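Participant: Chain by chain, the residues run as shown.
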Amino acid sequence: MAETENGRFTRLARDTVRYLSRDWLNAVGVTIVFFVLFLAIFGSKIAPHSPTEIDPRSRLQPTSKDHWFGTDQVGRDVLSRVLSGAKYSVSMAAVILSVAVTVGVSVGLLAGFAGGSADEILMRLTDLFLAFPALIFAIAIAATLGRGLTSTAIALTTVYWPWYARMARGQALSLKSREYVLAARCTGASFLRILGRHIWPNVLPVLLIQITLDVGYAILSTAGLSFLGLGAQPPQPEWGAMILDGRPYMRDFWWVATFPGAALFVTVLGFNLLGDGLRDWLDPQLRRAGK
Amino acid sequence: MSRFLIRRAFFTVLVLWILTVVTFTLSHVIPADPARLMAGPKASPEILDNIRRRYGLDRPLPQQYGIYISRLLRGDLGVSMDSRRLVVQDLKDFFPATVELVFCAMCLAVLGGISIGVLTAAYRGSVIDHLGRLLSVGGLSIPAFWLGLLLQLLLYYRLGWLPFGERTSTDLTAFAHPTGLYTADALLAGRWDAFIDAAKHLIMPAMVLSLEPLAVIARLTRASMLEVMLQDYIRTARAKGMKETVVIVRHALKNALLPTVTMIGMQIGWALGGDVLVEVIFNWPGVGRYAAKSILSADHSAVMAVALLIGAVYLVANVVVDIVYAAIDPRISL
Chain Y
12 MAETENGRFT RLARDTVRYL SRDWLNAVGV TIVFFVLFLA IFGSKIAPHS PTEIDPRSRL
72 QPTSKDHWFG TDQVGRDVLS RVLSGAKYSV SMAAVILSVA VTVGVSVGLL AGFAGGSADE
132 ILMRLTDLFL AFPALIFAIA IAATLGRGLT STAIALTTVY WPWYARMARG QALSLKSREY
192 VLAARCTGAS FLRILGRHIW PNVLPVLLIQ ITLDVGYAIL STAGLSFLGL GAQPPQPEWG
252 AMILDGRPYM RDFWWVATFP GAALFVTVLG FNLLGDGLRD WLDPQLRRAG K
Chain S
419 MSRFLIRRAF FTVLVLWILT VVTFTLSHVI PADPARLMAG PKASPEILDN IRRRYGLDRP
479 LPQQYGIYIS RLLRGDLGVS MDSRRLVVQD LKDFFPATVE LVFCAMCLAV LGGISIGVLT
539 AAYRGSVIDH LGRLLSVGGL SIPAFWLGLL LQLLLYYRLG WLPFGERTST DLTAFAHPTG
599 LYTADALLAG RWDAFIDAAK HLIMPAMVLS LEPLAVIARL TRASMLEVML QDYIRTARAK
659 GMKETVVIVR HALKNALLPT VTMIGMQIGW ALGGDVLVEV IFNWPGVGRY AAKSILSADH
719 SAVMAVALLI GAVYLVANVV VDIVYAAIDP RISL
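If you're matching them up, the sequences are chains Y and S in order.
Note that the numbering used here has the first sequence beginning at 12, numbered continuously upward.
Note that the numbering used here has the second sequence beginning at 419, numbered continuously upward.
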């Protein structure tokens with residue numbers, strides 16, 4: 012039976028509905044992620060006040076009709092800052108992961124297929140990176156390069172790419188000797204064709220799941236580095252930096268640090284739920300066990 | 419076994435050496451001028467030159483590295499430009515605090531994680547399972563430093579149950595500290611009051627630090643248990659009429675724990691990283707807080723020493739884990 016263009020779309024739609032209704036947490040995850048992405052693009056526009064304009068007369072006001080999340084130590088509206096802060100977390104995660112994945116997967120696939128000494132060397136190299144606790148490495152790099160989100164992005168990319176190299180290499184190794192790959196090689200298919208036609212579609216699901224789960228880690232790491240003073244610099248309304256700002260005022264003005272933290276929590280939770288749902292959906296083993 | 423140890427020892431030394439090169443290069447490329455940071459903004463050029471000469475900052479980089487390595491091999495880790503003390507002394511003071519915190523957190527994580535993993539696997543699909551999985555995914559998603567602040571707000575400011583931070587509030591110099599772990603030392607000296615005090619200070623940071631490893635271990639244990647419980651030998655055990663609890667604990671758990679053991683090594687690494695943030699929040703006088711402070715003030719010797727120490731701890735922990743894994747799994751011979 013020929014598959015029409017329409018047929019593909021309805022199948023995708025049906026799969027999506029099935030995915031969402033499988034577990035209510037899946038729907039929660041997807042909703043949160045969509046909401047955060049929306050905020051990343053439109054957050055500043057829907058913010059009721061300016062996220063950076065200071066107003067010392069209304070500093071440290073509690074939550075009220077005018078300021079749903081209260082004001083911070085220089086009078087800025089916390090809600091507006093939280094809404095505008097989404098774009099920092101999302102864009103940092105996007106930049107870090109796109110570079111890390113590109114570099115890591117390329118290196119890993121190459122190492123896995125080339126085999127031999129190239130593989131050995133590349134793997135020892137990634138082992139070195141993996142041998143060191145990630146956050147500390149990131150702190151050291153970020154401190155070297157100076158404060159700011161650019162240094163943080165470079166630092167975190169350097170820390171993340173080995174994981175993808177490892178994963179891609181594992182995939183390459185396991186797929187290298189599959190029958191359809193051997194068959195393709197027998198019939199003279201070029202390296203690129205094998206890569207694109209046979210390897211890539213099998214690597215993609217695992218890769219997507221890993222990326223979704225890593226978005227959460229990237230966001231938390233960025234916020235953590237900002238909390239230490241290394242990442243976002245004032246007056247950028249990045250959530251981690253906002254928690255740093257609010258820390259001295261926790262006792263009597265808890266809202267300054269609490270709301271940005273809640274935003275972080277919900278965002279990362281959304282991505283993790285999405286990743287978990289995708290993993291349950293796409294993992295054939297678990298499906299066999301009859302989830 | 420000995421070949422394995424030799425190989426791993428060699429690899430560990432190699433990694434540590436490369437670590438010295440990397441951290442040395444990084445910390446000496448820092449734009450901040452350590453001499454000026456030490457002397458203050460009003461220092462005259464003569465004072466700055468003096469400082470540079472004293473700490474060897476005016477020599478070319480490869481030479482500085484050579485001096486550094488030769489000192490390192492003699493056990494001299496240099497002087498901290500911040501505290502003006504030997505770095506070795508600083509580390510000796512701060513390392514036990516971190517050990518106590520990380521050890522306590524990992525114990526909580528392992529015990530809690532395995533229990534939750536087993537329970538959620540055994541009662542799969544039920545309310546317990548859902549709660550456990552929510553806890554896991556929540557534990558992975560929550561920013562540790564934010565959780566720390568919230569717990570401080572609740573348990574210290576509002577309820578007054580637990581202290582704000584630090585390791586102790588009473589004068590604990592009245593007895594000996596053989597281990598440097600305040601809880602253990604207090605017990606050894608028979609000082610129950612000091613033990614309670616130290617434990618009260620330890621609980622919050624340990625709980626916060628344990629959350630992420632706990633979540634990871636719980637998930638892994640659950641997945642592992644589910645896989646194991648499909649095996650034939652489990653079916654046989656049930657067919658023989660064994661009670662379900664026995665089946666789970668005696669047969670399934672032992673085999674399901676294998677991947678978890680490997681994961682524990684990696685989790686120690688994550689805990690060492692998250693430890694920095696937790697120590698900063700609770701003002702815990704450990705290596706993590708020392709590292710954060712040293713990096714921010716461009717204290718070269720201290721930064722390199724801490725990097726080496728943490729790298730070494732992590733590598734050794736992984737070797738130990740590999741040995742334990744091989745000891746548990748009869749199929750593996752080193």
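Calculated from the structure, these hints are not laboratory results.
Given the structure is predicted, the values throughout are model-derived calculations rather than measurements.
Treat each hint with caution, since some may be false.
To be verified - Where chain Y lies over chain S, by a calculated footprint (3+ residues, C-beta under 8 Å): (1) 501-514; (2) 568-577; (3) 710-717; (4) 737-747.
What the hints assert, rightly or not - With the Cβ distance kept under 8 Å, some of the chain S side facing chain Y (calculated, not the full set): (5) F521; (6) Y541; (7) G556; (8) G691; (9) V694; (10) A730.
The beta carbon of each residue, even a glycine, is placed where N, CA and C say it ideally should be.
Participant: Work down the list of hints and note, for each, if the structure agrees.
Facilitator: Each hint, compared with the structure:
1. Counting residues of the region 501-514 of chain S whose C-beta lies closer than 8 Å to any C-beta of chain Y gives 0; at least three are required, and the coverage claim is violated.
2. Counting residues of the region 568-577 of chain S whose C-beta sits closer than 8 Å to any C-beta of chain Y gives 4, which meets the bar of three, so the coverage hint holds.
3. Chain Y is given as covering the region 710-717 of chain S, and this holds because 4 residues of the stretch bring a CB closer than 8 Å to a CB of that chain, at least three being needed.
4. For the region 737-747 of chain S, the proposed coverage by chain Y is not satisfied: 0 residues have a C-beta within less than 8 Å of a C-beta in that chain, short of the threshold of three.
5. For F521(S), the interface hint is violated, the least distance from its beta-carbon to any beta-carbon of chain Y being 16 Å, above 8 Å.
6. Using the Cβ-Cβ criterion of 8 Å, the hint placing Y541(S) at the interface with chain Y is not satisfied: the shortest such distance is roughly 15 Å.
7. A cut of 8 Å between beta carbons decides the hint on G556(S): the least distance to chain Y is about 7 Å, and the hint holds.
8. Annotation: interface hint on G691(S) holds; nearest CB of chain Y at approximately 3 Å, less than 8 Å.
9. Hint status for V694(S): holds, given a least beta-carbon distance of 6 Å to chain Y, under 8 Å.
10. Evaluation of the A730(S) hint against chain Y yields a violated restraint, the C-beta minimum of about 10 Å exceeding 8 Å.
The structure is inconsistent with the numbered hints 1, 4, 5, 6, 10, although it conforms to all the rest.
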